[in-house]
Amino acid sequence: MSSVAREWREVPGRYNLKGTKCTNCGTIYFPRRDFCPKCRRAGIGKIEEYDICRTGEVYTFSIVHDAPAMCDMIKPYAVVMVKTDDGVMIAGQLVDVELDKVAIGMRVRAVMRKLSTDGDAGVIRYGYKFVPAE
Amino acid sequence: MAVASGMHDIVLVGGAEKMTDMDDVSINSVLDATADAEWEAGMGVTFAGLHAMIAQRMIHDGIATREEIAAFSVNSHFHGALNPNAQFRKAITLDTVLKSGPTATPLGMFDCAPISDGAAGLVLCPLEDAKKYTDSYVKVSAVTQASDTLALFQRPDITTYGATVAAAKQAYEQAGITAQDIQVAEVHDTYTVTGIMALQDLGFYKRGEAGKAVLNEECHFDWGKVAINTSGGLKARGHPIGATGVAQIVELVEQLRGSADKRQVQNAKYGLAQNTGGTGSAVTVSILEAM
Ligand SMILES: [Zn+2]
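These protein sequence lines are chains D and V, in that order.
Each residue of the first sequence is one higher than the one before, starting from 1 at the first, in the numbering used here.
Each residue of the second sequence is one higher than the one before, starting from 1 at the first, in the numbering used here.
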């Protein structure tokens with residue numbers, strides 16, 4: 001799926017929704033960027049670590065019936081794009097929910113869950129999923 | 001470019017794919033990898049799921065209804081039935097699409113391009129040499145390409161492909177025409193929803209009007225407006241990935257030569273082809289002109 005180096009570099013984002021913020025223009029990047037394409041040179045040295053807000057609402061969704069091998073055991077399941085309360089868009093699964101209750105505008109929060117079991121060695125990949133928030 | 005610059009005298013362009021050597025789960029994994037493997041596919045968000053989420057948001061925002069989106073498949077099959085080289089040569093009804101088994105809601109099986117085997121080929125040469133070889137050649141008026149973020153969720157608006165808009169704008173400039181000058185177009189309907197988006201992003205219809213036109217059968221070859229996917233599109237002609245882009249051009253050539261038989265668009269002067277990679281992360285637009 002990706003190189004070992006890339007896998008480790010992206011773990012903080014996947015476990016803790018860590019992104020970056022350009023303090024020059026205020027844009028938040030998730031997954032992280034160490035360079036602001038809007039500010040270019042003006043943004044160099046002004047990129048800070050940023051914890052993405054873990055709550056937000058469903059911007060759009062789908063119930064996936066035709067699943068990839070890694071999700072075959074859980075199909076059908078809900079996928080969502082969530083707009084977090086600080087305006088960042090994130091794609092992921094919505095779990096612990098009745099599928100016919102999923103709707104645009106629904107309040108959700110991010111939790112850490114098992115994403116998949118990789119390869120013959122069965123290494124478990126963890127990362128964020130969303131659950132309904134009260 | 002290679003022949004226009006004089007680097008080559010003649011170029012043969014071929015595209016071929018045999019997808020049926022793999023099972024459907026493996027094929028879907030390959031398709032998923034054309035989106036962002038880590039932050040989309042790695043989260044269980046499938047390629048169909050991404051397109052389904054575009055469709056869901058379009059419906060929510062009032063850009064197109066579920067029926068209007070589904071109608072794109074009906075249009076493709078209507079033309080596929082008239083194309084002896086199409087994979088599916090059978091017209092279908094709206095009900096068939098709406099009642100097909102769900103792949104990723106709101107999209108069903110009949111919203112998705114099939115798994116296909118196929119091949120297509122073209123011969124390119126400098127325009128001034130074409131007469132030496134054939135009496136029925138067409139002119140390449142524009143070929144452009146534009147790109148966008150790999151991940152769909154990183155874009156400011158998921159109901160439009162910025163790369164299509166950018167590539168089309170450049171192509172119209174190169175050809176010295178506007179969207180209104182096109183009589184026939186082949187657009188990349190991997191999913192019905194991307195077909196609807198293409199009609200808007202290419203400038204054929206305003207946002208919110210493409211779906212209505214498709215449902216009203218205005219994209220048929222004989223309606224008089226721009227005819228869409230007269231080959232049957234990816235849905236009915238088939239989508240052997242490596243051959244699809246060339247096959248789109250082949251259909252435009254048939255139309256501009258006047259050799260498209262039962263699906264011939266009358267007085268076709270300009271044809272446009274739009275080809276998409278991933279969820280619009282790379283788009284090419286080509287414009288051909290009848291000679
Ligand atoms: Zn910036």
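Keep in mind that the hints were calculated from the coordinates and are not lab data.
A portion of the hints provided could be inaccurate.
Simulated crosslink set (DSSO-like; lysine-lysine; CA at most 27 Å straight-line) [stated by the list, open to error]:
no., chain 1, residue 1, chain 2, residue 2
1, D, K75, V, K99
2, V, K212, V, K131
3, D, K75, D, K101
4, D, K38, V, K169
5, D, K114, D, K101
6, D, K101, V, K169
7, V, K169, V, K99
Check: Are D/K75 and D/K101 close enough, with their CA atoms no more than 27 Å apart?
Finding: holds (16 Å)
Note to self: D/K38 and V/K169 were given as a pair; does the straight-line alpha-carbon distance stay at or below 27 Å?
What the structure shows: Holds, at about 22 Å.
Next item on the list: Measure nothing beyond the straight line between the CA atoms of D/K75 and V/K99; if it is 27 Å or shorter, mark the hint as holding.
Entry: holds (20 Å)
Next item on the list: Would you check the hint for D/K101 and V/K169, treating anything up to 27 Å between C-alpha atoms as holding?
Entry: violated (41 Å)
Next item on the list: For the pair we were handed, V/K169 and V/K99, check the Cα-Cα distance against 27 Å.
Entry: violated (37 Å)
Next item on the list: Below or equal to 27 Å on CA atoms is what counts here, so check V/K212 against V/K131.
Entry: violated (42 Å)
Margin query: D/K114 and D/K101 were given as a pair; does the straight-line alpha-carbon distance stay at or below 27 Å?
Written below: holds (23 Å)
The structure does not agree with the numbered hints 2, 6, 7 stated previously, though it agrees with the rest.
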